[in-house]
Amino acid sequence: MNPVFHRRRYNEDTRRRAQPQYWWFMPMGEGNNLVIVTGIPGVGKTTVITTAVDMVKKKHNETVIVLNFGTAMFEVASKKGLVKDRDEMRRLPTKTQRQIQKLAGKSIAQKARSARVIVDTHTLIQTGNGYLIGLPEWVVTALEPKTIVLVEAEPDKIAARRSEDPTRTRDSQDVGDIEVHQQMCRAAAVAGGTLTGATVRVIKNRQGQVEAAAADLYQTLME
Amino acid sequence: MNPVFHRRRYNEDTRRRAQPQYWWFMPMGEGNNLVIVTGIPGVGKTTVITTAVDMVKKKHNETVIVLNFGTAMFEVASKKGLVKDRDEMRRLPTKTQRQIQKLAGKSIAQKARSARVIVDTHTLIQTGNGYLIGLPEWVVTALEPKTIVLVEAEPDKIAARRSEDPTRTRDSQDVGDIEVHQQMCRAAAVAGGTLTGATVRVIKNRQGQVEAAAADLYQTLME
Amino acid sequence: MNPVFHRRRYNEDTRRRAQPQYWWFMPMGEGNNLVIVTGIPGVGKTTVITTAVDMVKKKHNETVIVLNFGTAMFEVASKKGLVKDRDEMRRLPTKTQRQIQKLAGKSIAQKARSARVIVDTHTLIQTGNGYLIGLPEWVVTALEPKTIVLVEAEPDKIAARRSEDPTRTRDSQDVGDIEVHQQMCRAAAVAGGTLTGATVRVIKNRQGQVEAAAADLYQTLME
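Residue numbers (this note's numbering), protein chains in the order written: chain Z, 1 to 223; chain G, 1 to 223; chain C, 1 to 223.
There's no promise every hint is true.
Repeated chains share a single entry, so a pair holds when one copy, or any two copies, can fit it.
Unchecked claim - Once the Cα atoms are required to be at most 25 Å apart in a straight line, the calculated DMTMM-like pairs of lysine to aspartate or glutamate come out as: (1) Lys102 to Asp87; (2) Lys95 to Glu223; (3) Lys204 to Asp54; (4) Lys102 to Glu88.
These are calculated hints, taken from the structure and not from any lab test.
Pulled out of the complex, with its shape left as it was, chain Z reads as follows (with noise of 0.2 Å):
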């Protein structure tokens, strides 16, 4: 077994004293088996998700669910004959479109509850005009997450991985604006927490470690 599994930032006996002093705000046993993943781009997201997946396939042989929010949603308007392309989703009024999202949020929450399932998505995602919002109240409440998890980098290591990608422009690796962003999404997750009662985890992917962060999501979806 790898070391990292045993890496914690509470070590269990922590975790099981804090138990009976906080045992009335403990998220229950049943219900949905569905994760939240999000990170801004450059944090690694992605590699964080395939380790721990495949952790959780050679420990005990499952297959994690990844799903995509906007494939979700695309799926539900297509089958009610909506939609005949992805095009034509944005063309939608808006009311159809957020009824379309609790659908789809509702359809994934039915999934999880017999498989673990994870939601690759954003708490904020940075556009020139503003931050849009990715997890709004009627889609994080359809969705009923055990858990929000924030896959989180050092800002200049993500300023640095964004350099490495030409299709970036240069404002995008702003040390300062990456740490607000950051900032701002610790608040959209603290947010959807309050809304739906899931926990809030921080990952940190740090440099050269991805196993570590890996390790960290693994145990949120086993638990």
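With the hints as your guide, set chains G and C onto chain Z.
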């Protein structure tokens, strides 16, 4: 045309490229054309708003309506015969006050269906007894903003501006407190975005660059 | 009278001046006299509460009721015959548990109509598997607090206090983690404020100045 109009955090190519990937988060084109503009005292919010409104007038000969939420509340309450003057407002029962807030929000949202509207307000108002909530759930969901703007400035610049204002106490010039206040305002804006789906935009009002900040707000208004 | 009672972030003049401008955000005088007091382990929350409660007793001969949310939940559940001991609470279905949480919240809110009440709890509880939400939407809206207080201390002071506690692991003394935890607690308090309209107050518990912190809490209780 002023060169500041060309200034963008991400260039247009970046934005276009981002759209297909995140199309399902994109706010729809229809609905309210309402932007909530917030900022703590000393960031220069009023100047940014005035300059942006002038830009819209000059470039498109269009008048942006700038509204104060308190005034809208008073209008609703006095029309209903509940109050004769503003002082009476504060003596209304909490439930009545909340109903008036909702009605004021809906009335502003209605106006924003046929005109560009700015609601000039606060996310969190600092008092000697804590932060008052400027955008509680029932207000922000009634307003249905397309964007919540946070006008920000460097904490030391805010402290300096406040020190020039003889009506302000020295306590209000603590740079650490200003930093915490701005940080909490970001969390409040993100909570508002989560409840409504509104985008959240941080606009930096850098020293001597109010035109650039106003150009950002102009862009958000015209989107 | 202790000089610390005169210590104010803004002086009274500032507050009075602020009121006409922001009258429409002012919380009303009626309703619940309930203050939620939160703070991460090591900030000295219990001492601040005890000292403030003593101040109220000494100056007004009034008893502030200090409640633990878990105890209130257990009372509701055992009265309903759902459980015999606390261990059984954790085995209740999630839906039942949430109903109990709501009922406990409403029962506390009821008490706060005729007495000053402090709910001693957490915004976010750190565990080895992420942060648990101490004030989810259905709890905070049932409680209807007038104020959510964040007792804070300098991260290095918290780390030092924790290092003196032999039951705490060294992991819990990472200053960076403590800083992030406090920052996320602020976001959680702001989310609670947004959902309820409660004011959010940061009370600094500075080294050797617990009386000043308690005076701030005293002020919030008596307001």
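Verification of the hints:
1. Lys102 to Asp87: within (19 Å within a copy, 36 Å between copies)
2. Lys95 to Glu223: between (36 Å within a copy, 20 Å between copies)
3. Lys204 to Asp54: Classified as within: same-chain Cα gap 19 Å, cross-chain 43 Å, threshold 25 Å.
4. Lys102 to Glu88: within (18 Å within a copy, 34 Å between copies)
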